[in-house]
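Student: Just need the whole structure built from these sequences, with the hints factored in.
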Amino acid sequence: MTPAAGSEAYRTPVRPDPTAFTIMPRRHYGRWLATALILLAIGGIVRAFALGQIEWSVVGQFLTAPAILFGLVNTIIMAIAAMALGITLGVLFAVMVMSPNPVLHYSAKGYIWFFRGTPLILQLLLWFNLALVFPTLGIPGLFEFRTVDVITPFMATLLGLGINQGAYTAEVVRAGILSVDQGQTEAAQSIGMARPTIMRRIVLPQAMRVIIPPVGNEFISMVKLTSLASVIQFSEILRNAQTIYFANGRVIELLIVAAIWYIAVVSVMSFGQHFLERRFSRGQANRGRGQ
Amino acid sequence: MSLDPRQSAQTLLSARKVTKTFGSLTALDAVDLDVTRGEVLCIIGPSGSGKSTLLRCLNQIERFDRGAIWIDEELVGYRQDGDTLYELDDRAIARQRLACGMVFQRFNLFNHMTALQNVMEGPVTVLKRPRQEVRQEAIALLQRVGLSDKHDAYPAQLSGGQQQRVAIARALAMKPKLMLFDEPTSALDPELVGEVLTVMRDLAASGMTMIVVTHELGFAREVADRVIFMDGGRIVETGAPDQVLGEPSEQRTRDFIAAVLS
Ligand SMILES: Nc1ncnc2c1ncn2[C@@H]1O[C@H](COP(=O)(O)OP(=O)(O)O)[C@@H](O)[C@H]1O
Ligand SMILES: [Mg+2]
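Line by line, the protein sequences give chains X and D.
With the UniProt record's numbering as the guide, the letters of the first sequence map in order to residues 1 to 291.
With the UniProt record's numbering as the guide, the letters of the second sequence map in order to residues 1 to 262.
Hints may be right or wrong, so weigh each one.
To give an idea of the chain D side of the interface with chain X (calculated C-beta under 8 Å), a few residues [claimed, not checked]:
id, residue
1, S24
2, I61
3, F110
Some residues of chain X that are not near chain D, with every Cβ distance over 10 Å (derived) [unchecked claim]:
id, residue
4, R47
5, F145
6, R146
Since the hints were derived computationally from the structure, they do not count as laboratory data.
For clarity, every value in this text was computed on a predicted model and none was experimentally measured.
Positions of the beta carbon are idealized from the N, C-alpha and C atoms, including for glycine.
Tutor: Written out as structure tokens, the structure is:
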């Protein structure tokens, strides 16, 4: 109630009854125009591919060829293994970077500095050619292996991709840890938790909310980065596609086969990411439960 | 260290010449303090006078630069061998923290856990006690703070007053010898202050030793055995509530009380 209401100086203004209005929704002409242009462009591209010199029957034939499926499985296994190694190292080095212990801090900083500072393909080549530097690996007298036996294309790819990924994930995890309020750590300390338990039980579970979207992104990148391992003879899907087209000359067809599989895998992963994000937003005010 | 404040077995906590600086700022300036078992001590004083820092030093969330603290005859943060003090490692400090429960101004409940999980976390994870037994105790504690119907609520679904009561239950679940409260009602809407003070009043009546930093002078007068006024990192005045709050001998105390009441 306005204080002046009812006084002589104030008179309630006369307004029309709002229920008498008809409301016209906004027209989005721009959207319709854009949609039409995009459909036109897509139609043009599809037409070009359909009429171009592509044998679609060859694409269909090789989509499920044993060598392609074998490469696909290798790609998926490698992406998962390298990412698991990357996340493990990432968490480890993030915690080390944030440690008050200067030895741990600077070792972790050095690791991140080196592996972010060199191209991934160069790291893969280094791992693959490790035998040139160290003909044997192990502890002399106790156990020793010939490096060429240990560093197979699979191992070289795993180490190269995983360790490189760890350097990036460490930064993501560090940002996640920093996003958790210091009060959480203090409360955990006050009930007698030691530092590692606080990380594991209190800080990291809450940091997940911040960590998962970028790590999901990097997982998707990883699926595609495995293709770099074709240069060190790891038989992932792209390398196997190449091997086939070197023999039969169907270059574009086999590249399309590989592209279809990459898109399929990435689509499934994007879907999984959505569910993980929901799982780790427990207890958040803005989570919109059950949506 | 030649200091030895050990007096009667009635003393639960002693602090001697506890000093803490942040850069050039002296947050605590040679603070001496003794707390007897079952005593309720209220600390009042203006913002920035070092009240939080004192509590945080008692619970080793903050390291202090000089001085010594004993809790239940155990030297805090160090192992003593003759006149030499050896710094304790992380695990030993974590174990010592079990002596004190702490309640924070901003509650600091674990956001990813329900009320019941918050209360159970310490006994299960830290004390490694059987989950079923802990669960029964946690249910009883939540009942004691009046939250029997909120077991499965996450902190974000609770009001400030409810969160603070869960936080008190979480601290009590560790069966501490001493409870530290750092302005437990300062972040609450005025109508929620009462429910938290009621829980604290009951706790005091049950014989718990408590150190309470608060601006609730009414609560201090009613519940405290002793009131301390701090300013500039020092204890300026200490005495019975009626004396410190009613007829303070120091001008600074008088000014502060007048400012709080106005
Ligand atoms: N982590 C910190 N870094 C720097 N200064 C601090 C820190 N914590 C507290 N202080 C300073 O120490 C003084 C005492 O702070 P505090 O104990 O929080 O006071 P109170 O709780 O009585 O308001 C204040 O001047 C504050 O700014
Ligand atoms: Mg404070």
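Student: What are the numbers of the hints that this structure violates, sorted from low to high?
Tutor: Violated: hint 1 alone.
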